[in-house]
Amino acid sequence: MKGEEISYLSILNLLFLIVPIMIINYKLHMGINKKMLYAIGRMGIQLSLVGIFLQYIFNLNNPYVNACYLVFMIIVASFSAAKSANLSIKKFIIPLFFAFIIPNVVVLLFFNTFVTRLDELFSAQYMIPIGGMLLGNSLSGNIICINSFYKGIRENEKAYLYSLSLSGNKIEALIPYFKSSILASINPTIASIETIGLVSLPGMMTGQILGGAVPLTAIKYQIAIMIAILIARYFSTILSILFTAHKAFDDNDILHT
Amino acid sequence: MGLIQFKEINVRFKDHVIFENFNMNVMKGEKVLLSAPSGKGKSTLFKLLLGFQKVDHGDIIFNGKQLEKDTLKYFRLNIGYVSQDVDLRNQKVWDSMMEIFSYKHNRHIKVTKQKVIDLIAYFNLSTDIIDKEVKQLSGGERQRLGLIICILLDRDVWLLDEITSGLDKDMKERVVDYVLKQNKTILIISHDKIWSKNDLIRIEEW
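Sequence lines, in order, name chains A and B. Each residue of the first sequence is one higher than the one before, starting from 1 at the first, in this note's numbering. Each residue of the second sequence is one higher than the one before, starting from 258 at the first, in this note's numbering.
By construction, these hints were calculated from the structure, which means they are not laboratory data. Incorrect hints may appear among the rest.
To be verified - With a straight-line Cα cutoff of 30 angstroms, these simulated DSBU-like cross-link-like pairs (lysine-lysine) come out:
{"#": "1", "chain 1": "B", "residue 1": "441", "chain 2": "B", "residue 2": "330"}
{"#": "2", "chain 1": "B", "residue 1": "304", "chain 2": "B", "residue 2": "361"}
{"#": "3", "chain 1": "A", "residue 1": "91", "chain 2": "B", "residue 2": "326"}
{"#": "4", "chain 1": "B", "residue 1": "297", "chain 2": "B", "residue 2": "326"}
{"#": "5", "chain 1": "A", "residue 1": "170", "chain 2": "B", "residue 2": "326"}
{"#": "6", "chain 1": "B", "residue 1": "389", "chain 2": "A", "residue 2": "151"}
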């Protein structure tokens with residue numbers, strides 16, 4: 001069983017349905033037509049290039065190249081996390097890189113070894129999409145938790161200092177902020193695990209079904225990947241705080257991001 | 258030689274000079290009221306002593322130890338600090354106290370509910386305060402709560418930043434009376450005249 005191939009021309013058909021949106025936007029002076037078309041055009045070019053590139057990597061299917069591609073994705077994720085959380089790239093890019101790479105690679109290899117039971121752990125077909133899903137989730141989790149952690153301390157600086165005076169120990173004074181930032185990162189994942197499939201089919205499952213897999217196979221992958229996402233995100237969250245906090249506080253335990 | 262010494266302290270925020278060649282000496286057991294106009298760094302002095310802010314120049318010495326990276330902990334752990342707004346995170350008062358006394362360094366202190374209730378009663382707080390959330394407390398209630406925590410911590414030096422401003426006259430007297438009776442070294446920041454009127458107090462002006 002194989003999914004129906006679609007052509008670029010048939011994708012263009014969808015643009016007919018964009019026309020009424022543009023007319024409404026125009027009439028209401030919403031001024032987003034240009035932005036919308038630009039976004040669609042950019043997506044088209046971006047994904048086409050990624051498609052060509054991935055096709056090339058898949059054809060090659062060289063474990064070293066695949067691993068390099070994964071590392072590349074991790075580097076991009078690290079920059080993106082630093083930028084979104086307003087952290088200095090110079091100071092925090094390396095801690096973030098390790099906060100991403102350690103849990104994600106461990107979970108990915110574990111997944112490929114014990115769940116999909118691949119002979120070739122670094123097979124592009126599994127490594128790149130699954131790695132991408134884990135990473136993407138760790139990325140949003142890390143952004144939430146880093147933001148929540150440092151914002152929590154900055155906004156409650158007096159409370160932090162007061163507890164520092166009571167405890168004399170930075171770790172003890174930071175634990176409440178640590179706990180609440182992990183919760184902020186993990187709660188959305190738990191919520192989505194809980195409701196998955198009831199409202200909309202998750203992207204990976206949809207993709208697999210369209211690609212020709214039977215739903216029963218697709219749900220098994222989906223269950224496995226959701227658990228893997230939770231694990232990778234949890235540990236990445238914790239490490240992102242532990243590693244960045246190492247550099248974010250001075251000798252007097254005062255925060256400098 | 259003083260228990261606490263500030264020696265030729267310089268501190269500036271951007272272009273604003275807070276301290277220039279500031280010196281102060283506090284002997285063991287002294288009760289010192291810091292008196293200076295607003296913005297002249299009274300609270301800053303407390304923060305310097307706790308390492309929350311750094312001096313641009315000068316030495317801070319406590320019990321013969323100079324404040325630096327390795328002695329910072331000693332400073333923080335032997336000084337009881339009541340900050341101006343008693344900045345506790347919002348949670349139940351009792352939980353907050355239990356958290357404070359679960360810290361490694363404070364664990365040895367035996368805090369019984371009775372001890373807490375006695376202090377609460379002494380400072381005229383209602384006993385149900387321990388079940389309230391911190392943000393439900395009034396300014397005066399927080400100040401007394403901060404003082405109670407400081408009393409229970411039983412450290413050698415107390416830094417009290419405006420602990421009587423939210424209290425009525427009788428309670429101010431009771432707090433001042435209690436604090437000055439302690440066999441501790443105490444630095445006080447307050448705009449209340451009641452402190453400066455007392456003979457046990459030395460006033461340090463700048």
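Outcome of the hint check:
1. Our distance criterion of 30 angstroms between C-alpha atoms is met by residue 441/B and residue 330/B, whose separation comes to about 19 angstroms.
2. With a C-alpha separation of about 22 angstroms, the suggested pairing of residue 304/B with residue 361/B holds against the 30 angstroms cut-off.
3. With a CA separation close to 22 angstroms, the supplied pair residue 91/A and residue 326/B stays within the 30 angstroms bound.
4. For the suggested pair residue 297/B and residue 326/B, the alpha carbons sit about 26 angstroms apart, so the restraint of at most 30 angstroms is met.
5. Taken as a hint, the residue 170/A and residue 326/B pair is honoured in the structure, with Cα atoms around 13 angstroms apart against an allowance of 30 angstroms.
6. Between the alpha carbons of residue 389/B and residue 151/A the distance comes to roughly 26 angstroms, so the proposed pair stays at or under 30 angstroms and holds.
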